[in-house]
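Which chain is which? The protein sequence lines are A and B, in order. Under this note's numbering, the residues of the first sequence are numbered 1 to 639, in order. Under this note's numbering, the residues of the second sequence are numbered 1 to 253, in order.
FYI, nobody ran anything at the bench for these hints, they're computed from the structure. Among the clues, some could well be false.
[What the hints assert, rightly or not] Here are the in silico distance ranges between beta carbons for each label pair:
1. Asp541(A) to Glu28(B): 26 to 32 Å
2. Pro113(B) to Lys469(A): 46 to 52 Å
3. Gly140(B) to Glu625(A): 32 to 38 Å
4. Ser637(A) to Lys9(B): 57 to 63 Å
[To be verified] Under the rule of at most 27 Å between Cα atoms (straight-line distance), these lysine-lysine pairs were calculated in the BS3-like manner:
5. Lys486(A) to Lys16(B)
6. Lys182(A) to Lys7(B)
7. Lys155(A) to Lys152(B)
8. Lys9(B) to Lys48(B)
9. Lys393(A) to Lys361(A)
10. Lys183(A) to Lys48(B)
11. Lys493(A) to Lys16(B)
We put the beta carbon where it would ideally sit given N, CA and C, even for glycine.
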Amino acid sequence: MSTKLDSKIPSGSIETLWQKHKFDMKLVAPNNKRKHTVIVVGTGLAGAAGAASMAELGYHVKSFCIQDSPRRAHSIAAQGGINAAKNYQNDGDSVYRLFYDTVKGGDFRAREANVYRLAELSVNIIDQAVAQGVPFAREYGGYLDNRSFGGAQVKRTFYARGQTGQQLLLGAYSALMRQVGKKTVELFNRREMLDVVVHDGKARGIIVRNLLTGELETHIADAVCLATGGYGNVFYLSTNAMASNVTAAWRAYRKGAFFANPCYTQIHPTCIPVSGDYQSKLTLMSESLRNDGRVWVPKNKGDKRPPSEIPEEDRDYYLERRYPSFGNLVPRDVASRAAKKACDDGFGVGATGLSVYLDFKNAIERDGEEAISARYGNLFHMYEKIAGESPYKSPMRIYPAVHYTMGGLWVDYHLMTTVPGLFALGEANFSDHGANRLGASALMQGLADGYFVIPSTIGNYLANHSFDKMTEDHDAFRDSKEQCYKRTTQLLKMKGSKTVDDFHRRLGHIMWDNVGMARNKEGLTSAITDIKSLREEFWSDARVVGEADQVNNELEKAGRVADFLELGELMARDALERNESCGGHFREEYQTEEGEALRDDTKFSHAAAWEFKGDSAPPERHKEELKFDHVKLAQRSYK
Amino acid sequence: MSDQNMKIKLRVWRQKGPTYPGKLETYELDNVNEHMSFLEMIDVLNEKLVQEGGEPVAFDHDCREGICGMCSMTIDGNPHGPNKGTTACQLHMRNYKDGDTITVEPFRATAFPVIKDIMVDRSAFDRIQQVGGFISVSTGNAPDAHAVPVSKEKADLAFDAATCIGCGACVAACKNASAMLFVAAKVSQYELLPQGQPEKEDRVLNMVAKMDEEGFGSCSNTGACSASCPKEISLENIARMNRAYSRASFKKR
Ligand SMILES: Cc1cc2nc3c(=O)[nH]c(=O)nc-3n(C[C@H](O)[C@H](O)[C@H](O)COP(=O)(O)OP(=O)(O)OC[C@H]3O[C@@H](n4cnc5c(N)ncnc54)[C@H](O)[C@@H]3O)c2cc1C
Ligand code: FES
Chain A
1 MSTKLDSKIP SGSIETLWQK HKFDMKLVAP NNKRKHTVIV VGTGLAGAAG
51 AASMAELGYH VKSFCIQDSP RRAHSIAAQG GINAAKNYQN DGDSVYRLFY
101 DTVKGGDFRA REANVYRLAE LSVNIIDQAV AQGVPFAREY GGYLDNRSFG
151 GAQVKRTFYA RGQTGQQLLL GAYSALMRQV GKKTVELFNR REMLDVVVHD
201 GKARGIIVRN LLTGELETHI ADAVCLATGG YGNVFYLSTN AMASNVTAAW
251 RAYRKGAFFA NPCYTQIHPT CIPVSGDYQS KLTLMSESLR NDGRVWVPKN
301 KGDKRPPSEI PEEDRDYYLE RRYPSFGNLV PRDVASRAAK KACDDGFGVG
351 ATGLSVYLDF KNAIERDGEE AISARYGNLF HMYEKIAGES PYKSPMRIYP
401 AVHYTMGGLW VDYHLMTTVP GLFALGEANF SDHGANRLGA SALMQGLADG
451 YFVIPSTIGN YLANHSFDKM TEDHDAFRDS KEQCYKRTTQ LLKMKGSKTV
501 DDFHRRLGHI MWDNVGMARN KEGLTSAITD IKSLREEFWS DARVVGEADQ
551 VNNELEKAGR VADFLELGEL MARDALERNE SCGGHFREEY QTEEGEALRD
601 DTKFSHAAAW EFKGDSAPPE RHKEELKFDH VKLAQRSYK
Chain B
1 MSDQNMKIKL RVWRQKGPTY PGKLETYELD NVNEHMSFLE MIDVLNEKLV
51 QEGGEPVAFD HDCREGICGM CSMTIDGNPH GPNKGTTACQ LHMRNYKDGD
101 TITVEPFRAT AFPVIKDIMV DRSAFDRIQQ VGGFISVSTG NAPDAHAVPV
151 SKEKADLAFD AATCIGCGAC VAACKNASAM LFVAAKVSQY ELLPQGQPEK
201 EDRVLNMVAK MDEEGFGSCS NTGACSASCP KEISLENIAR MNRAYSRASF
251 KKR
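Whole structure, please, built from the sequences with the hints as guidance.
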């Protein structure tokens, strides 16, 4: 039934598609805009940018976030940078090249029209951020500096030391605060969305829990935008912030929004390895480190000598060996799998054998300690704080960790989900990254969606629809609130024997072992069964303490873990159905002789979008066929 | 990696809600690993409390890598604990030794009322930002990013000011609970950049007025704020803001 999935890509030449479409879309008259309320859930790059920009246009916006302040959204933690096709370096970059690299980097599983628009808008993002006072790195002449990042062969990444996400988010946050001050945005912090309310086939509002009082609140609007981030925390350990979750997207899925490509997970190659059971999250070391650091393991299995005593001839710089032309700069999925392989084959280092070296010795000898410190000082400092060792003296130890989720709510060219009036922005949608996201492209996508796409497409939706007057006591809202109330009560009533974290950790193990970096039929099949039984156990034996009507961190966690326990199963199903390897999805059955991912373009050149069919029936898989008119399908090669 | 487990005695501020009285409760942990972060130790305590039927300690945290500014606790009298330039979430237990007693309290300030246990309400910071912590440029109005060059020196100083994570440690460290360092960091960032010039007078006057209105104390130059700042925001920003403030008040009079 692929007819259900209309991506609404306008017709015409890809270079002018978005400009032309902006003209073709309907507009809402200036004095009518304030009559429309738009809800934006999430205040990361996508949500803050979207909420501020729509309010600037005149809409009445309600903005929600879990944290105590919108400035603390997970986007704040992004380190490395943001791509834009400015070609300030005169090194041959262009909108077309960024578009091309993104489609190829995504292993040909993204929608061309969206990616082209993203590349096109990238340049406006940099202009906007600079105008807001975002202090990007500059050269002595006063112009912006760029670096190459994540395997790009041009220097197109803009950065603010190792804190690019922070600076961009504070820029978007300042724009949002300006609108809150003007009373065009109403801010609801410390709120968690528990449901989206659909009436007359359209999204008309949300139910949120006030995290301070426990009150379930109803909020009514003409359109709802979810900018609620990614779901990497389904693995328990990830580089995501602790509160990152799937609840908003998952509740939308249960209300009819299709969930696309849930199995596409990005495992980032350079993270600080796990040190013990108490570990609550993993810390990313920016991939920019691979510009100067060299990855290696000992040539001899189980070589326990300290790295300084292992001579050159006993070291295997395996990325340089396997990928001579890209070397240490191969894309993330390739680098992560290579590290896993080195460790699986018994060459891993450190107490657990689950890490590889990232060595700066040559770079320090070549450029001097000062130069290396200017580039990576804060990262080295962070590493030393966590690991207790100085990367100036001995190599870092790194291992891959879950970092980003390419999958998410399916959206059309307008960023609208399959529920009319329900939009998804940023990491929450299934995005423009196909099966693998290139470094420095998430910030770009979140801001493109928020600053430039949604402000245009929302108008088209609002202008084309009429809206019944709704009040809080309408059945749709009452029912939805009642459901949320029941669920909360149920969670608190169980009084079981195991903590929520215990369930979350166990789910994480199942996911990491079977739905992680390498997957196979057998593992995925057993994961589906194991997650199901873990879910049943959760709903009878979880111990959620505290009360419903006050601050209750355990209850918050329980709701999120309950949703992860459903999502995990869908991820495994999606991975099982996709009988090919592509990008972040690696099926052991489908690889080349050299162990590289083997796509199957005849059968799987599509996005898979899952439809919820109720708790007792399996979800239905729909396809959106992907057409490649501009980028030629080819086996990715980084040799 | 050594797996030596330490015994730690924790004295934690427990307070049921804003209107309840609070007090320090003592807990003993005997399985604290030196590689744990301080917050992971509290996780361990909380899991134990849940198992035993108690109420876990409520505390704010999110990124756990020193950038979101959410974690906020005073550890043995120091906001974010003993280490310079380090948030509570980045503090590791290797800084402590077997048998230590550690006291954990919320950030204390009139403008940061306690919500529960060690959670406080810092929304006053958002409200200060709303009256001027921005450049009034709506989406779509921006000229090319290279239209206005900015000297590297100024850009770097602006960046240093902009690294503030809005955690409120400066307020908690100050005997007057002043928010000068927080406000000065934001004012300085824009003051240093050409883009910030058109609105600079209103910005500094409005933000300072709001700061006073929110109940933050006045600055008596002790420098405790900068000393406890996890991002080591410099006191020079306060001097810069004071100059901007005098200039603006003079001009607007
Ligand atoms: C450590 C790290 C480093 C990174 N570095 C880079 C980089 O250098 N370059 C790059 O391009 N990308 C990077 N990324 C990826 C990038 O940061 C994220 O993909 C991006 O910031 C996501 O932005 P977002 O706006 O979609 O969501 P987020 O920033 O995750 O924001 C989600 C928002 O939704 C809210 N929310 C969630 N659920 C609910 C709910 N149920 N109810 C109410 N509110 C809710 C949250 O409170 C929050 O405000 C990095 C990611 C990590 C983890
Ligand atoms: S939890 Fe984010 S700074 Fe500590």
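Going down the list of hints, with the structure as the test:
1. Asp541(A) to Glu28(B): 26 to 32 Å: holds (28 Å)
2. Pro113(B) to Lys469(A): 46 to 52 Å: violated (38 Å)
3. Gly140(B) to Glu625(A): 32 to 38 Å: holds (34 Å)
4. Ser637(A) to Lys9(B): 57 to 63 Å: holds (59 Å)
5. Lys486(A) to Lys16(B): holds (25 Å)
6. Lys182(A) to Lys7(B): Violated - the C-alpha atoms of Lys7(B) and Lys182(A) are around 53 Å apart, more than 27 Å.
7. Lys155(A) to Lys152(B): Holds, at roughly 19 Å.
8. Lys9(B) to Lys48(B): holds (14 Å)
9. Lys393(A) to Lys361(A): holds (8 Å)
10. Lys183(A) to Lys48(B): Given pair Lys183(A), Lys48(B) is violated - Cα atoms ~45 Å apart, limit 27 Å.
11. Lys493(A) to Lys16(B): Given that 27 Å is the threshold and the Cα spacing comes to 21 Å, the pair holds.
Consistency with the previously given hints fails for numbers 2, 6 and 10, ordered from lowest to highest.
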